[in-house]
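Asks: Here is how the chains run, residue by residue.
There are 2 protein chains.
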Amino acid sequence: MHSFKELSLLFTERFKENIIPTQEGQLYRAGDYFLQLGGKRVRPVICLMGNELFDDITADTWEAAIAIELFHNFTLIHDDIMDKASLRRGQLSLHEKFGSSTALLAGDILLVIAYDHLNRINTTHLKKIIQLFNRTAKQVCDGQQLDMEFESRDNVGMEEYLNMIEMKTSVLLASSLQMGSILGGASVGNQQHLYQFGKNLGIAFQVQDDYLDAFGNPEKFGKEPGGDIKANKKTFLLIRALATASSSQAKALRKLMTENSATKVKDVLSIFRASKVDEWAEELKEQYYQEAMKHLEAVAVMSKRKQPLKELAEFLIQRDH
Amino acid sequence: MHSFKELSLLFTERFKENIIPTQEGQLYRAGDYFLQLGGKRVRPVICLMGNELFDDITADTWEAAIAIELFHNFTLIHDDIMDKASLRRGQLSLHEKFGSSTALLAGDILLVIAYDHLNRINTTHLKKIIQLFNRTAKQVCDGQQLDMEFESRDNVGMEEYLNMIEMKTSVLLASSLQMGSILGGASVGNQQHLYQFGKNLGIAFQVQDDYLDAFGNPEKFGKEPGGDIKANKKTFLLIRALATASSSQAKALRKLMTENSATKVKDVLSIFRASKVDEWAEELKEQYYQEAMKHLEAVAVMSKRKQPLKELAEFLIQRDH
Numbered sequence: 028m029h030s031f032k033e034l035s036l037l038f039t040e041r042f043k044e045n046i047i048p049t050q051e052g053q054l055y056r057a058g059d060y061f062l063q064l065g066g067k068r069v070r071p072v073i074c075l076m077g078n079e080l081f082d083d084i085t086a087d088t089w090e091a092a093i094a095i096e097l098f099h100n101f102t103l104i105h106d107d108i109m110d111k112a113s114l115r116r117g118q119l120s121l122h123e124k125f126g127s128s129t130a131l132l133a134g135d136i137l138l139v140i141a142y143d144h145l146n147r148i149n150t151t152h153l154k155k156i157i158q159l160f161n162r163t164a165k166q167v168c169d170g171q172q173l174d175m176e177f178e179s180r181d182n183v184g185m186e187e188y189l190n191m192i193e194m195k196t197s198v199l200l201a202s203s204l205q206m207g208s209i210l211g212g213a214s215v216g217n218q219q220h221l222y223q224f225g226k227n228l229g230i231a232f233q234v235q236d237d238y239l240d241a242f243g244n245p246e247k248f249g250k251e252p253g254g255d256i257k258a259n260k261k262t263f264l265l266i267r268a269l270a271t272a273s274s275s276q277a278k279a280l281r282k283l284m285t286e287n288s289a290t291k292v293k294d295v296l297s298i299f300r301a302s303k304v305d306e307w308a309e310e311l312k313e314q315y316y317q318e319a320m321k322h323l324e325a326v327a328v329m330s331k332r333k334q335p336l337k338e339l340a341e342f343l344i345q346r347d348h
Numbered sequence: 028m029h030s031f032k033e034l035s036l037l038f039t040e041r042f043k044e045n046i047i048p049t050q051e052g053q054l055y056r057a058g059d060y061f062l063q064l065g066g067k068r069v070r071p072v073i074c075l076m077g078n079e080l081f082d083d084i085t086a087d088t089w090e091a092a093i094a095i096e097l098f099h100n101f102t103l104i105h106d107d108i109m110d111k112a113s114l115r116r117g118q119l120s121l122h123e124k125f126g127s128s129t130a131l132l133a134g135d136i137l138l139v140i141a142y143d144h145l146n147r148i149n150t151t152h153l154k155k156i157i158q159l160f161n162r163t164a165k166q167v168c169d170g171q172q173l174d175m176e177f178e179s180r181d182n183v184g185m186e187e188y189l190n191m192i193e194m195k196t197s198v199l200l201a202s203s204l205q206m207g208s209i210l211g212g213a214s215v216g217n218q219q220h221l222y223q224f225g226k227n228l229g230i231a232f233q234v235q236d237d238y239l240d241a242f243g244n245p246e247k248f249g250k251e252p253g254g255d256i257k258a259n260k261k262t263f264l265l266i267r268a269l270a271t272a273s274s275s276q277a278k279a280l281r282k283l284m285t286e287n288s289a290t291k292v293k294d295v296l297s298i299f300r301a302s303k304v305d306e307w308a309e310e311l312k313e314q315y316y317q318e319a320m321k322h323l324e325a326v327a328v329m330s331k332r333k334q335p336l337k338e339l340a341e342f343l344i345q346r347d348h
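Just so you know, the sequences run in chain order A and B. Residues in the first sequence are numbered from 28 upward in steps of one, following the numbering used here. Residues in the second sequence are numbered from 28 upward in steps of one, following the numbering used here.
There's no promise every hint is true.
In the DSS-like style, the derived pairs of lysine-lysine whose C-alpha atoms are separated by at most 30 Å in a straight line are [claimed, not checked]:
(1) K155/A - K43/B
(2) K32/B - K331/B
(3) K303/A - K282/A
(4) K111/B - K124/A
(5) K155/B - K43/A
(6) K257/A - K247/A
(7) K32/B - K154/A
(8) K154/B - K43/A
Computed Cβ-Cβ distance ranges for the label pairs, DEER-style [unchecked claim]:
(9) T290/A - E187/B: 57 to 67 Å
(10) R162/A - E44/B: 18 to 28 Å
(11) E341/A - T150/B: 38 to 48 Å
(12) E44/B - A325/A: 56 to 66 Å
To list a few chain A residues with every Cβ distance to chain B over 10 Å, as calculated [said to hold, decoys possible]:
(13) E40
(14) G52
(15) F81
(16) N161
(17) S214
(18) A277
(19) W307
In short, the hints are calculated from the structure, not lab data. Heads up, the beta-carbon is just placed ideally off N, CA and C, and yes, glycines get one too.
Just chain A, with the same shape it has in the complex (with noise of 0.2 Å):
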């Protein structure tokens, strides 16, 4: 048994070594210029962790782990692109560096290479894997698409934000768990008590993302909040508060929504604490967090086996317990 920091310090060692040939070309060296940016490694991680709640680390759970961590670098070279970011992790973006169309095509072949690693895994497997990863790429897709149609619409409900953020957040995560499990033997119930596992916990994630971004201590969370407020982005708490602030306070928030004054985030944030969506946010995070602890539980291995998951859950929502 490993745990969440050593089996990501073993994924990061093991995802530098000859992933990308970078002597066959300008699009291998793009990617590699991504790959090399960093990250938590989170996705891949957990995918480990899901084998190795039922057995030692297989060969095959190392390609299908390497494979999700490049698709997730596809995702996010394409989104950059689409949002005309110009930094990733403080370094420019590869769209930045390396010119639009090369991005493009090294996302391209990044996820050519993510089945490249699928590909190797023994054929017991390999259908199965590829049917849930291939699902998960379109849902992750489909959810990118949707936060971009929501940005030009002002009438998003909670349920189809919620839905959004399924896609293009959570089941990635419940998905590297389903597979890591599929590929240790596990049963389906167990892979299905993985999967909600991941994907309440992805939901708890980013409803934590959205309330930091409101309400995070600069200092803690290495950013100005406001961001999300200044860019009108559709939030947890934003659609909560229009659909649950009184009639004047939700004429307020439109009103700056439309005006961009100086006082914006100030204002936005005091019409938030005013109709307490900061601490229906904390209860919504909660909630989903003991929703993925539930069906955490209840996965048919040894409780102590479960340590580096709940680690894993606890570092990404914070908690110090």
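Once you have looked at the hints, place chain B on chain A.
Replies: Frame of chain A, contents of chain B only:
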């Protein structure tokens, strides 16, 4: 046994049915719009032919053929974004119709759906097919990258141009045919001859394409020739002319390329003719065509079974005999 025309119709019918679940959202509707723009479906048909050379067409081969056409459309969608092409088959390109971001994601999702179809192939052949598909996909991406890099270079040699054309155009034809033959139980020797047939045919086709863009009869060619010349596009003709024309002709050619005068096309064509690149191109095309046919001859099946592939080659290379 089916003729080229029959297979093309059969594939077109099958390709309309349930390939894209348009009820699932905007990305799917965008992808479907692009697929409905049509096309000759040469790549999936050559895959079916490669299969029928050895046996009745199998269910697995239909899946491979669909995957190949989805992949081809994925590359066209992304190429159109990179080339800022506003039209595709006389209709609005996908990014013109749905916006760049949706087009990018719709391309991505078509690639994932391609793997859904590959994943339905029997496990006996699955790994081999995915391996060949992936190698080809990476080469096609590399070819597009090189094509873009060549735009800003004025010292592209014949060998590297040929290498780019092989990757961007030929290998997909070659491997489509090989996939069909693998699924028909072909020996490795037969597979390799078919791959070489497809690869050489693809190069002959590109030589012809370059030739027609310069010297084509507008009535038969369907568009005014000279597009490549106006855009200073690297072609077999330009590279050959720069390498073999007299030094005064080469100098005049380079001058024409920087000037964009009103008589540019006429003047460049006259240098092409003076340095006999037109005759050279016809010979080169014939040479690759003959090389292709030699490999087809070498495939160890009865000659009459090869008739549809011969027809396809003649159709592509516009021969009437």
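Asks: Decide, holds or violated, for the assertion that all CB atoms of chain B are farther than 10 Å from the CB of G52/A.
Replies: The claim breaks: G52/A does not keep its Cβ more than 10 Å from every Cβ of chain B (closest is about 6 Å).
Asks: For a C-alpha distance cap of 30 Å, please report whether K155/A and K43/B respect it.
Replies: 27 Å, holds
Asks: Per the stated criterion, does the least C-beta distance between E40/A and chain B lie above 10 Å, as a non-interface residue requires?
Replies: With a cut-off of 10 Å, E40/A remains clear of chain B, as the shortest Cβ separation is near 25 Å.
Asks: With 38 to 48 Å as the target window, see if E341/A and T150/B comply at their CB atoms.
Replies: 40 Å, holds
Asks: Compare the distance between the alpha carbons of K154/B and K43/A with 30 Å, and conclude whether the hinted pair is satisfied.
Replies: 25 Å, holds
Asks: Do the alpha carbons of K32/B and K154/A lie within 30 Å of each other, as the hint requires?
Replies: Violated. K32/B to K154/A sits at ~34 Å, over the 30 Å cutoff.
Asks: So if I understand the rule, the pair passes when the alpha-carbon distance is 30 Å or less; does K155/B with K43/A pass?
Replies: 27 Å, holds
Asks: For N161/A, is the shortest CB-to-CB distance to chain B above 10 Å, so the non-interface label stands?
Replies: Given a closest Cβ separation of 5 Å, the condition is violated.
Asks: Taking the minimum C-beta separation from A277/A to chain B, is that value above 10 Å?
Replies: 28 Å, holds
Asks: Was S214/A rightly flagged as not at the interface, with every chain B Cβ beyond 10 Å?
Replies: About 22 Å separates S214/A from the closest Cβ of chain B, which puts it past 10 Å; holds.
Asks: Holds or violated: the 57 to 67 Å window for the beta-carbon distance between T290/A and E187/B?
Replies: 59 Å, holds
Asks: Does the structure keep K111/B and K124/A at a Cα separation of 30 Å or less?
Replies: 20 Å, holds
Consistency note: the structure conflicts with the earlier hints numbered 7, 12, 14, 16.
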